[in-house]
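Heads up: the protein sequence lines correspond to chains H and W, in order. Residue numbering for the first sequence follows my numbering, starting at 1 and increasing by one per position. Residue numbering for the second sequence follows my numbering, starting at 1 and increasing by one per position.
No lab work stands behind these hints, which were simulated from the structure alone. The beta carbon of each residue, even a glycine, is placed where N, CA and C say it ideally should be. Watch out, some of these pointers could steer you wrong.
[What the hints assert, rightly or not] Simulated DEER-style distance windows between Cβ atoms:
1. W:157 x H:299: 55 to 61 Å
2. H:312 x W:328: 19 to 25 Å
3. H:370 x W:321: 39 to 45 Å
4. W:58 x H:309: 54 to 60 Å
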Amino acid sequence: MMSTTRIGAVAAAAGVVLALASCGGGGITNSGSGGGGDTKGDIILGMATPLSGSSAAIGPYMKNGAQLAVNEINDKGGVLGRKLKLVVEDEACDPKTAAAAAAKLVTEGTMVSVGGYCSSATLPTLSIFGKANIPMIIPAANSNDLLKGNNKNVFLLNGTGAQQAQAAVDFMKKSGAKAVALVDDNTSYSKDITTRTAEDAKGDASLKIATQQSVTAGESDYSAAVTAIMRANSDFVYWTGYYQEGGLIIKQLKAAGYKGKIMVADGSVDKQLITIAGQDNAQGVYATMTQTPQTIPGGDGWIAKYKAAFNADPGPYSTQSYDAVRVAAEAIKNAGSTDGTKVIKALEDINGFKIFSGNLKFTPEHTLTEGGFDILVVKGDQFVLNK
Amino acid sequence: MTDKRLDSSTPDEPSGFVRALDERGDATVGTVGQGLAPATTRRANPVSRLIGHPAFGWIVIALAVALPFINSSAYAIRISTDALIFIMLAVGLNVVVGYCGLLDLGYAAFFAIGAYTSGVLSTTFGWPIVLTVPFVIVAAVIGGLIIGGPTLRLRSDYLAIVTLGFGEIIRITANNLDFTGGPNGVYGIPDFGDFGDYRADIATYWIVVVVVGLAVLASSRLGRGRLGRAWRFVREDEDAAEAMGIHTYKVKFAAYVTGAIFGGLGGVLFAVHQTAISPPSFNFLFSALILMAVVLGGMGSTPGVVVGAVIISLLPELLRGAENWRYLIFGILLIVVMIFRPQGIWPHRTDEKPARGGRRRSRTDATEVSQ
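Okay, chain H solo, but in the shape it has when bound (with noise of 0.2 Å):
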């Protein structure tokens, strides 16, 4: 007797599991599935980006970025005649988070997904909304592994590691780099940085990789790295993490002496990483950086909206969102359709639509033909356009 009790273990499982059975119904097989292609009611955006866990800070940045995109078409009146509405849900920087924030985001019926930002967090939810056929316009997210399967339902609109990478390179043998050191924090982004710049350089004989390190996120003394590339006579080095240990080591390159030049990703443009570093030590400290509206000229009228429609300053992604709803909103004007076959094939024959890091065409890998990437410099506690 005891057995069949305990086979209520199962049981429970699935009791609390019914609970969430409260709403919905049908549709078991795939022609019950699919969406997008109503025609009544509000256009639904939908945006999975972090507001909680270790990127929190950048979720409202991404979402008040844009709900004003989204404001400003409501005002003119929507599009196709419909309002959009812009539904965000939690992705935590976490896969488990982002796949179900994803399924939510089908489940809400969303008709183009404008959001992703950990690229980690991102790639779970591709089949995903894949599988819905919902058209995904990814204003943060940029690793390549993106577009390694080659779903044709993905569009980055941030410049690409390559991207990045390629700018970076440029800037070196401009400079006149020797030795480059460049140190990454071995998570997706920064390394696929770094490994990038690496084969870029290697097609140049006056460009020498003098050392290549990798640091553990979070800790407080990178002076193992310091030293590696002290020992390696670099004068050249390039952060690709973000700004809290970039702030910490380019301190302790200055301590240790080093002469050279400093250069950092996108993912370290922050004033935090100026604070950190002190602002002595961070004087000339250049960095790759996708246009924003600070860098940007007329960007200031930009700015003053945003202020006053949250009462806060923009940062990192808050230009790439409001350009992906902006993106959106264009393609389903052009497709005349919120279905997500057309929406798709709408956003491959965009041309010349103007964002923020310029003139928008997808290249045939759904990412910018222009990456957009400018050399920024620090200058007093700022970064400005390196001139």
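Since the structure of chain H is already known, use the hints to place chain W on it.
Coordinates of chain W only, in the frame set by chain H:
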């Protein structure tokens, strides 16, 4: 466990050895009496009578299978599948921690071994997922042998520290090897197969229901066999168990490797379900959450652990409405539960107890007291 040993040294209480004899006697009586004596003589309240009813388990399984007909939304299927996989891990860890009392803080390592073995074989070599299962089992067993071999000679806290290290080693190794995709992980993992007209996520869900159902049944049966009794004996008092002729090292090994296999198979399901796996999914927090499911539900109790796993897995999703507050609320709820039900939500009950219940001394174990 420590309390136990302290108790046995006080003059009022019988020594561990005497109690061990007693327990052994219980076990024997239990074995002999199986199927003869009614399991419990206590009066059950309506709730426990309902959940104790023979058909209850089957009803719930039926409901689990029927879920897609009730709510087929992508989200419901997604988080239900997540919950089922988590149940698989929790019942696996329950064998190690609940039955045998080996505190394992790195259980996610076996989960990672399973997910990566399956993921790499199916993407790099293009194998169908089903074919990777035997290799996952082999890999998990090897993992269990490597870590269990030297460390199972350790006890309690020391074992916890070593397994904690093992969990981190596996994750960091996966982060640094090329064939595991480094920090990017493995992606593009295929489904179980082509299910024609049925939606792929629902087909996967049904497969997961069947596999997890069998796993729960297996884990619960294991706990009640000869080996299960040996495990509990080792948990209660390892020295006494050894004195009674139980090869404690072998028995602990069996628990550890069984747990490893459950974890590995859970990893296969996870890899298919996620389609992309990367090292951050297998961090210490994940190991801690599985352990939390076991403790929350009631250590050693299969139905309890299943309930615990469902709660730990679904609560953060159900709290999505609370936005940034959800993990705070999640944490507070867990603390509240542990204050009011320290023995767990559905604690373990000793099957063979009533046979000599009248003559027995009152036992000190918290789970027993709770009854």
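Evaluation of the provided hints:
1. The hinted range of 55 to 61 Å is satisfied by residue 157 of chain W and residue 299 of chain H, whose Cβ atoms lie roughly 58 Å apart.
2. Against the hinted window of 19 to 25 Å, the Cβ-Cβ separation of residue 312 of chain H and residue 328 of chain W comes to about 22 Å, which satisfies the hint.
3. For the pair residue 370 of chain H and residue 321 of chain W, the beta carbons lie near 41 Å from each other, so the given range of 39 to 45 Å is met.
4. At roughly 56 Å, the beta carbons of residue 58 of chain W and residue 309 of chain H sit within the given window of 54 to 60 Å.
Violated hints: none; the structure is consistent with every hint.
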